[in-house]
Structures are given as C-alpha cells and as structure tokens.
Amino acid sequence: MGTITIDPITRIEGHLKIEAVVDNGVVKETKSSGMLFRGFELILKGRDPRDAQVITQRICGVCPQSHGIAAALNLDSAFGIADKIPENGRIIRNLIQGAHHIQDHILHFYHLTALDYVDVTKVADYKGGDSALNSIKRFIERGELAPFFPRYEGDYRLSAELNQQAVAHYVKALEIRRKGQEMVAMFGGKIPHSVGVVPGGVTEVPTVDKIASFLWRLNELKDFIDNVYIPDVLAVAEVYKDYFEIGAGCKNLLSYGAYELDGKEPDLTRRKRLFKQGVVSDDLRLEELDIGKITEAVKYSWYANSTMGLHPAQGETEPEDDKKDAYSWIKSPRYGGKVYEVGPLARIAVTYASGNSIVKELVDSVLKRFKASPKVLFSVLGRHAARALATKFIADSMESWLLELKIGEPIYTEYTIPEEANGMGLTEAARGALGHWIEIKDKKIANYQCVVPTTWNASPKDDEGNPGPIEQAIIGTRIKDENNPFEIVRIVRSFDPCIACAVHLIAPKCRDLCKFKVL
Amino acid sequence: MLERVESLGKDALAVVALGTCAAFGGIPAANPNPTGCKGVRAVLDSKGIATPVVNIPGCPPHPDWFVGTVASILLFGLPKPGDLDDEGRPLVFYGSLIHENCPRRASFDEGKFAKKLGEAGCLYELGCKGPITYSDCPTRMWNNGVNWCIGSGAPCSGCTQPEFPDLVAPFYEKLTDVNLPTIGEYWMEKKEVK
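So the protein lines, in turn, are chains A and B.
For the first sequence, our numbering begins at 1 and goes up steadily by one.
For the second sequence, our numbering begins at 1 and goes up steadily by one.
None of these hints come from the bench; they were simulated from the model.
There's no promise every hint is true.
Unchecked claim - Computed cross-link-like contacts, SDA-like style, restricted to lysine to any residue with a CA-CA straight-line distance of at most 20 Å: (1) A:LYS45 x B:PRO32; (2) B:LYS38 x A:LEU36; (3) A:LYS443 x B:LYS38; (4) B:LYS115 x A:ASP48; (5) A:LYS392 x A:ARG217; (6) A:LYS264 x A:ARG90; (7) B:LYS174 x A:THR416; (8) A:LYS45 x B:PRO28; (9) A:LYS444 x B:ASN33; (10) A:LYS122 x A:ILE81; (11) A:LYS84 x B:ASN144; (12) A:LYS179 x B:ASN144; (13) B:LYS116 x A:VAL205; (14) B:LYS115 x A:GLY408; (15) A:LYS444 x B:GLU119; (16) A:LYS444 x B:ASN31; (17) A:LYS17 x B:MET1; (18) A:LYS84 x B:GLU119; (19) A:LYS45 x B:GLY36; (20) B:LYS116 x A:GLY408; (21) B:LYS116 x A:ILE81; (22) B:LYS116 x A:ILE407.
Stated by the list, open to error - Chain A side only, calculated, beta carbon under 10 Å to chain B, not exhaustive: (23) LEU42; (24) GLY46; (25) ARG47; (26) VAL54; (27) VAL184; (28) ALA185; (29) MET186; (30) GLY188; (31) VAL198; (32) GLY201; (33) VAL208; (34) LYS210; (35) ALA212; (36) PRO410; (37) GLU414.
Here a beta-carbon is modelled for each residue, glycine too, at the ideal position from N, C-alpha and C.
Generate coordinates for the entire structure from the input sequences, incorporating the hints supplied.
Take a look at the structure:
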C-alpha cells in the first residue's frame, strides 16, 4: 500500500496535482487538486460589461477564444440581442472558434499527449532525409534531452519506424497549428487573446481575399486531419489496445453544444448547433439539457460550506483555505446531483445519440475497425479517438460556412447597455462545456461566473462523496510499475485538462485572501 | 513562484519579464488584485536585488519581441542605457506609439471617426488606446503578419502599457482629456500607475 503523488502533472495546461493511493497494485482512492488561482470573478466586478469579453480571455492563453465566444454570447443574452446577430457575424464567430478548436485538438494529441506513447529516442537511429528528424537526431546526439526528459520508462510499444514517423508528425503538427492560428487571427485580429468577437457580432469585415486566404489553409488542415492525425491516433490505438479498457470514468457525458447553425433562437439550450446540446450515459440515449440542474458543490474545495449547492447564476464563493478535508481550489459542478464528464467525447456522443448521420458514420467506422462496441468510447483511447473525429467533423463543416459569407452585408448590431440584466453564454471550449453567467446592475458587472470544462472534469469529491470524473477514471486502475505510473498520466491527459481555466474564485466581501500554495 | 523569482533572480545575468503580467502585474493585479500580484521589477526592488530586468510586456507579448531580445542579449550582451525606455522596454520594439504608424492615422488627422464597430475610419471614438500605447504592432502585425487588432477593426486595448488594464479600461470607451490633434504631446507626461 502506498501513495503515488504526481505534482505537477506535466504536459497539460496549468497546475494539477494527483494523489493516488495504491493497494496491491490497484488504485483505491484518488485526489485531483487544482493548485493556483487568480480571482477573475472578483477582478470583473464593477467593470463595464463589454470588458468581460477582453478580460475573461485572459483566464487562459491556450483556449482564450472559447472564453471570448462564451462572453460574447453571455453579453448578447444580457443586452437582449441574442437573436439579432447578423448572419455574417454568426458565421465568422463559427470560423474563428472552429479554426481555434482544430489547432487546439492537434496541439493536445501531438504536443501534450503523444510522448506518453511515442519514444522520441528512436529518432537516434533514423537514417533518412527528413530535415526535421535529422535536426532532432542531432539534438539527441548532443545529449540535449530536455524537454523530452526526464520521462517515465518501460512502456513504449511502437516500432522504431512508427516512432520516427510520429516524431516527424509532431514537428509537422507545429506548422499546421501555426496555420490554424493564422486562420483565427485572420478574422480575430490576433491569437492568443483575440479582439474580433464582440457582443453584437464581430469586428472584421469579410473580403474575397480573406476568404481565399482562410480556405487554402483550411484545406491543408483538412488534409492533415484525414491523412496524418486520425491515422496516427488509430495506429497508437492498435498497439495500446488495453487502453480501450482503462480510464472509463463516470460514464455520464454533458454537452452545451457549439457552432450556431441558426441565430434566431435566443435560448442557447434550444438553438440549432453543429454539436448538439444534451446529456447521455453509457446507453447513448439522448436526454435534453436542463440548465437548471447544474449546481456546484464545495465540500472538498477550499470554499465556505454555506455556498454549497448553488446554481452558477447565483454563484457566490467564500474562500477558506484551512477547511478540514478540502483539497482543491476547483469546485465540483454536478448535473442533477450526479457526476458528469465534458469534452470532445461528450460532444461526439451527444451528437451521435441525436442521430447525426455524419458523426454516426465516423464513430461506427472506428468501432468497426476495432471490432468493438460503443462502450469502448468510455476510455483513454475513446477520448483520443473522439477528439480526432470531432476535429474532422468541424473542419469538414467549415468550408460551406466560409462560402456562405456575404460581402457587404452587416457583421455587427448595435445595442444599449441595460441598467439591470441577467445573461448566460453557453458554448463548447475545446475541452468541453463552458458557461459564463453575468448579472448587471447600474450598467456595471455586479456578478460574473464561469463554469469551465476542466472544473467539471478535474473536480474533487462532492458533498455526497462522489469523486469527480478524472478521479473516477483513475480509481480501480491497475498500476504495473509504481515508479513509472504511465496509467495515471495517460488517463489524466486523455481528458486534456486546462487548470488555469478550472480554478476560479470570487470573494464578494473582499476579505483577506489566504496565501496560495505555489508549486 | 515568489521564492523562485528571488532565488533565481539574485544570481541571474538578467531577468526577462515576459508579458504584461510579469512586467507590470497585468490582469491578475487588476483591481482589487486578489492575490497581491506585482511585476518582477517591483518584486526584486522590494528585496533589494539589483539584477537588470528587461520588460517585454504585451498581452500576449509578440514572440518576435521575446526571441529578438533574448537573441540580442546572447549575441551582443545586456541592453545599454539608451536601449530601454523608462519602463524597461527595448526601444527597438516599443519605441514608437501605435498612433504614429497606424494605417488609419490619416482618418484621425482628417477627423473621420468610425461610429460603430465594423465601420471604416479611425477607432479613437470606439476606445482605441493607440495614441498612448508603445508597440510596433502596425508594422510587425500578428500571427505571421496575417492581421492585428486595429487591422481587424477592433480598437487597441493598450496591452503593452503599465496602465493595462485598469487605466486603459473601459476598453470600448474613448480616452478622455485628449487634445486633438496633439495627443502624443499630452501623454509624454507620464501618468502614475497605482
């Protein structure tokens, strides 16, 4: 019996600590702890509501665009213009968000995850002419092994050739991501922290050359997704098939839906979107999303218990860093009191369950290849495969959106900031369901709450003692070698956590805040 | 993090403070600054550590500013007294106001102002902080030169300035007490950042 502590988990976004109690080689208990906070909701209070779109993007430099979109939707809703965004504005927002997601998913598989499965040292034996691989070969020969080392040892199963090819793709993926970000910047101004999505629509007027510029890059991205990214995910899956049975998690999935296909419906839970809204469990039966069922528990989080069980729209938090039994700055969002996972797996599963024929075909073809039933989706490899398929689904949809843009038509609608209002913005960040809520009083932000995907996924136990999704995925796993706990980190990374996003804090009474423990 | 800044900063040749947060405190330090954030220079000063600090502010900072500065230090040594401005920023990147090189400057000079987002014309009325922001965004642009904030029709948010964000917010309200057209002269008198 022993405890494995991994602090910090590397190759994710942000600061996450995992403690796993192992008994006879199997994980009995786990704690997932988010360690660093900055207090965004407190910083937003009292400001001009329009500034929310600018400031909330700074919650994260990897996924700022998603916060920008959620904030704009939130403000649209508060300003009463949710159903008045011009078509060009709706489409350009989708193009910005789509390009951002594509490069974010590719980032996750190649630059965060791949080295869990790919042995970069095999490039030392490379004998071909690829300049990127030869450059890495020289790197290894010089003994310059950081940032690839230190690493866990003992479970790299790909052939030398597949390893080399994967590393070459890792390098190529950097260029592909750069092009994806260029697409975001084309309409968003710059990225990270774009300026192009605002309440009322967007700021960038579409022109023919912008459209052409966007399109050739989109075609390159599509080619990479179909011919490199998806085949690589499947090639890894072939050799690591046991990971279809590892990391199942809570098997409840939730999606807010994303990518407006119609701008006329003001209720975001009913609006027609590319990825559907809803919840499913392992029976893959679609249930409608009821936003009223979301609450946040704080029993094991460093906040006062008096704020337990509140819906985010009434969110209130009082930090208590010396609270007994608490172990995280992340709260525990729950749906109908139950534990739900969010992310590309949730988007794909919900859209699959809604009967979307394209997603059905994509998922079924992967299941057929592995001669597996849908239950393997609830696993480490299920998440990676779903992420790759979600990337393809977005990319394949974007060309027709791009060509729907109408030169010369409006991109923005004016509004008056109300004295008092409430708003809600729901979208899907790359990592899952993202919600922003605002309360405006005297034309200023009185309250602003963000419930972010990784808050759901990396949450600690709730007041019923139910562990969060990542915790549940780790509990019950057999660890082959406690000095090289591949299983734990592979499970954590399959969720693509973003801890800068997950941790947030409000202290409406502005009391002295505790010293935070920094790694 | 505080301990690392002190222990590593003490013996370093120089510290490069990357981003407005590291240079001046930035958004986490915005009112009410829940975590007591400060810029690196402020931290080292408070501990009596004299290691030179080069500030590369920006939210985010442009990779060229960072790589260019590090390369310059490695090749030519630490910046000399005339190389940095009063805020510790390399003049080669931060030497001119956005306003001086903005493609929409002619509109400003002619008094042609955009009244709402998406319109042509100077963005001053819509909150542009270009007149007080030192940065080479108009010429370098962003993401491999495909675009930049004002290029996409959005007002500059002043993100390389010590005033970011509290003294440049609200982001969509115009700078006040500005004397047209001599804006540059007015802002030569530096404002104190609290």
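Okay, the hints, checked on the actual structure:
1. A:LYS45 x B:PRO32: 9 Å, holds
2. B:LYS38 x A:LEU36: 16 Å, holds
3. A:LYS443 x B:LYS38: Measuring from Cα to Cα gives roughly 30 Å; hence the hint is violated.
4. B:LYS115 x A:ASP48: This hinted pair holds, its Cα atoms lying about 19 Å apart.
5. A:LYS392 x A:ARG217: 15 Å, holds
6. A:LYS264 x A:ARG90: 10 Å, holds
7. B:LYS174 x A:THR416: Holds. LYS174 (chain B) to THR416 (chain A) sits at ~17 Å (cutoff 20 Å).
8. A:LYS45 x B:PRO28: 13 Å, holds
9. A:LYS444 x B:ASN33: 18 Å, holds
10. A:LYS122 x A:ILE81: 56 Å, violated
11. A:LYS84 x B:ASN144: 34 Å, violated
12. A:LYS179 x B:ASN144: 9 Å, holds
13. B:LYS116 x A:VAL205: 13 Å, holds
14. B:LYS115 x A:GLY408: 17 Å, holds
15. A:LYS444 x B:GLU119: The given pair, whose Cα atoms are some 26 Å apart, is violated under the 20 Å limit.
16. A:LYS444 x B:ASN31: 15 Å, holds
17. A:LYS17 x B:MET1: Holds - the C-alpha atoms of MET1 (chain B) and LYS17 (chain A) are around 16 Å apart, at most 20 Å.
18. A:LYS84 x B:GLU119: Holds: LYS84 (chain A) and GLU119 (chain B) sit about 18 Å apart, inside 20 Å.
19. A:LYS45 x B:GLY36: 17 Å, holds
20. B:LYS116 x A:GLY408: Holds, at about 15 Å.
21. B:LYS116 x A:ILE81: 16 Å, holds
22. B:LYS116 x A:ILE407: 18 Å, holds
23. LEU42: 5 Å, holds
24. GLY46: 8 Å, holds
25. ARG47: 7 Å, holds
26. VAL54: 5 Å, holds
27. VAL184: 8 Å, holds
28. ALA185: 4 Å, holds
29. MET186: Nearest chain B Cβ about 5 Å off; hint holds.
30. GLY188: Holds - the Cβ of GLY188 (chain A) comes within 10 Å of chain B, reaching about 7 Å at its closest.
31. VAL198: 6 Å, holds
32. GLY201: 7 Å, holds
33. VAL208: At 16 Å from the nearest chain B Cβ, VAL208 (chain A) fails the 10 Å test, so the hint is violated.
34. LYS210: Cβ of LYS210 (chain A) sits 9 Å from chain B, so the hint holds.
35. ALA212: Violated, about 13 Å.
36. PRO410: This interface hint holds because 7 Å falls under the 10 Å limit.
37. GLU414: This hint holds: GLU414 (chain A) lies near chain B, its Cβ roughly 6 Å from the closest one there, short of 10 Å.
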